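Participant: Grab the two chains, each in its own frame, and use the hints to assemble them into the complex.
Chain residues, written in single-letter form:
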Amino acid sequence: MLKQTPLNAKHHEANAKLVDFSGWEMPIHYGSQVEEHHFVRNDAGMFDVSHMLPVDIKGEGARAFLRKLVANNIDKLQTTGRALYTCMLHEGGGVVDDLIIYFMSESWFRLVVNAGCADKDLAWMEVQRDKLAPKLSITPRRDLAMIAIQGPNAAAKLWAAMPGTRELAEAMKPFHAVVVGEMFVARTGYTGEDGFEVMVPNKAAPFFWQALLEAGVKPCGLGARDTLRLEAGMNLYGQDMDEGVTPFDSGLAWTVDMSGERDFIGKDALSRLPRNRQLVGLKLLDRGVLRGHQSVFTAQGEGEITSGSFSPTLNGSIALARVPVGIKVGDTVEVDIRGKRMKAAVVKYPFVRNGKALV
Amino acid sequence: MSIPADLKYTKSHEWVRLEADGSVSVGISHHAQELLGDMVFVENPTVGRKLVAGEECAVVESVKAASDVYSPIAGEVVAANGDLEGAPETLNQDSYAAWMFKLKPANAADLDGLMDATAYAAHVASEAH
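Residue numbers (this note's numbering), protein chains in the order written: chain A, 1 to 359; chain B, 1 to 129.
Quick caveat, the hints were computed from the structure, so don't treat them as lab data. The reader is advised that the hints may include incorrect statements.
If the Cβ cut is set under 10 Å, some of the chain A residues that face chain B in the computed set are [stated by the list, open to error]:
no. : residue
1   : Ile28
2   : Gln78
3   : Thr79
4   : Gly81
5   : Ala83
6   : Asn315
Here are the computed lysine-lysine pairs in the DSS-like style, where the Cα-Cα straight-line distance is at most 30 Å [as the list claims (entries may be wrong)]:
no. : chain 1 : residue 1 : chain 2 : residue 2
7   : A       : Lys356    : B       : Lys11
8   : B       : Lys11     : A       : Lys17
9   : A       : Lys68     : A       : Lys120
10  : A       : Lys343    : B       : Lys11
Since we're looking at a predicted model, the values are computed, not measured. Heads up, the beta-carbon is just placed ideally off N, CA and C, and yes, glycines get one too.
Here chain B stands alone, though its shape is the one from the complex (with noise of 0.2 Å):
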């Protein structure tokens, strides 16, 4: 699966997409939910939090294990997708579809430190043994 060139990408294998309006959304990798496999259960922070670059703030679990998601960089959480709740199994089925929360960034230019998709494939690559 490539990695699509329109997005940032973090170390711990989050996505950030910058919406129209000025806020991102924030998804895990597909590369993450395949380390993953399965999953069966996502909690996302509430609406009105605000968040530092780095913080824990999300949890996805798969059949085999928990994993943190954490805020790629600061800013307030300004909406949560609740969908996936119901439906956690949507983070494998389409990781780059299902955002899992947006941000209002504390100072867009933020952004601009986070990995492209060049950089992140390289991470990925290095990860691998």
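Just chain A, with the same shape it has in the complex (with noise of 0.2 Å):
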């Protein structure tokens, strides 16, 4: 029985055609996810992601607890409502899970983790907890939806959705977050575009959801959500990392913190581990499609796409692989699709960035 978020019936009154994403029922499209991906680029577009989970960290020490927990430093949060892209790792320096964690209070911290990882992100954070903070409180929000409502028109389309959002987050800065009465407003995404991902009561996503529609925001599925995620360079938890590679394989080192003498988990691994693999941008010379897990084949020697697709902006096919260092922007590689050698050129990604293509 696959779960079902607050918007199920929205989805099926909109004749979303619904799949398996990780055990939940979501929208995949709504029709065309070219033409979804479109909207989102010129005009302003809505995702449920409510599959995703809210987790609330709470109490004396919160901090010092993150500081341990994620790569990244948490002390780069110093005004509240900041947020933060991090990897969680194992000891080993594998990524358990990539996640956002928005600074509220000194005692309040707000992570949002990967639906598919939801439960060993829990138990994962739990076991850390009890070792290094027994008495902070770790809760898991599944009586919030969320909505992630993105485009240049995200923000004009909110207000007048949501007159009451527009006084306190108008003025906000990208990836900053804000309590609106019973909203969480954050300026945050996974499309390259200007929007807000906003949390809401469970009860109170049909409303939200009707009202967004009724200004204009058109549904977008899943599939869109991955080629808008892919031109706008973002890594996808499952297919450009998982536990058997570090950030330094994924292309991201920027959100890791070596510096200085903090501690966290997976720090010891990162300095030992060789640094041999990156994570580049391709960009197909040839005829054909990009997918993950086929071959890329480097004067280097061999790597893997790990996220590819047709990129609706670029009319062309793009891809993130993971190839040998010494691989680099200019340099052409081969893939083989299907049998045949095609030839790609390694690119600086992102590939788009608010409507415009940068490759």
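Facilitator: Okay, structure coming up:
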């Protein structure tokens, strides 16, 4: 039996094609994934991301606990509402999950973790909590639904749908969050566009969704979410990284703070492990479509595509690939597409940001 | 969407139309394009290639996935629809008009071995769990 979000009935009303996503019945598209993709790049779309889990860490010493729990440095968060993207590692340096942490007060940090990792993340955090800070509370917030509103017109349409959010949220910079009554409004997203991720009580979610619909925000499925995040050069857990690789193997060195005395879980392993792999962007030069797990042949040895797809914005195929170090932007590599060697260029990513092609 | 009664169908969701000149046009069914979603890439067989029934001979790729297209019957490829390469979305928009390639059948009677619209409708229904 698949789990359902509070918006399940709204998806049925909108004729969504629903699929099993990490045990959740989620919309993959509402007709055309490509149209939804363009709508987000050009206007404003919304995604039900209620399968993701908000987790509240509350109590004295929350910051000290997070200093140890995650690879990025929680001390980068000094102003209320500020968010941090980070990986949580196991002792061996592999990625348990990637998450966003919002700093709401010294005794309240809110984390948002992946749906497919939620159970193991909670178990892992509880084990660490029991060792390091037994008085802290770790509370999964399945009572909250989350809707991501994304696109150049996301802000204007959110104000139209929920006028009460405007006063507090309008001046908010990217990667910050604010509490507005029962809503938690964050200026974050997974598309490379301006936008918000808004958490509301489950019961309120269908009304909020309806208000957004009436303000002209188009429902978009997880299909478009995947092509948007790939164009934006954002990693997807389970494809671009997992417990078998480190952040350094996964293009996430920028999220790891090795500096200073701060000790975090996995730091020791990261300092010892060889850094011989990297994540690069690929743009297919020949005809076809790059897909995950296709082999990549380079002058420095073999690699593999971790995420590949057709890019609606670029009208071509792009990918993230894990390849040996030494491969550089501007190099040409070959990809095995169903038995044929096709040429691809190594490019800088993100591929698209704020509606503009960068490659 | 109704399944056109004047066409023949395969279990792998190709449609086949017998043309006036004795050749057959081949495409993918409405149901197939619906399963795959937005089409972004088409690779057709080259003209002159000889195919056996059930041979992998073309590829369609949607944003979501790649899918092989199989030759419904034995024959020689006499035409390939080059327009589709630049406009794969035509397969979504009107799947029964968007022919992919044409075959000269090795044996015209082979068409009788394919499903009619009623049998294909039952086949689609049986695949839906």
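Participant: So, for every hint listed, does it hold in this structure?
Facilitator: Hint check results:
1. The beta carbon of isoleucine 28(A) is positioned within 10 Å of a beta carbon in chain B (closest approach about 8 Å), and the interface hint is therefore held.
2. The interface hint given for glutamine 78(A) is violated, since its Cβ lies 41 Å from the closest Cβ of chain B, which is over the 10 Å cut-off.
3. With a cut of 10 Å, the hint placing threonine 79(A) at the interface with chain B is violated, because the nearest CB-to-CB distance is about 39 Å.
4. Nearest Cβ of chain B to the Cβ of glycine 81(A): about 36 Å, over the 10 Å cut. The hint is violated.
5. Given the 10 Å rule on beta carbons, the hint for alanine 83(A) is violated: about 30 Å separates it from the nearest Cβ of chain B.
6. Because the smallest distance between the Cβ of asparagine 315(A) and any Cβ of chain B comes to about 9 Å, under 10 Å, the interface hint for this residue holds.
7. For the hint linking lysine 356(A) to lysine 11(B), the alpha-carbon distance of about 43 Å lies beyond 30 Å, and the restraint is violated.
8. At roughly 23 Å between alpha-carbon atoms, lysine 11(B) and lysine 17(A) fall within 30 Å of each other, so this suggested pair holds.
9. Between lysine 68(A) and lysine 120(A) the CA atoms are separated by roughly 18 Å; this keeps the pair inside 30 Å, and the hint holds.
10. At roughly 35 Å between alpha-carbon atoms, lysine 343(A) and lysine 11(B) are farther apart than 30 Å, so this suggested pair is violated.
The structure fails to meet hints 2, 3, 4, 5, 7, 10 from the earlier list, while all remaining hints are met.
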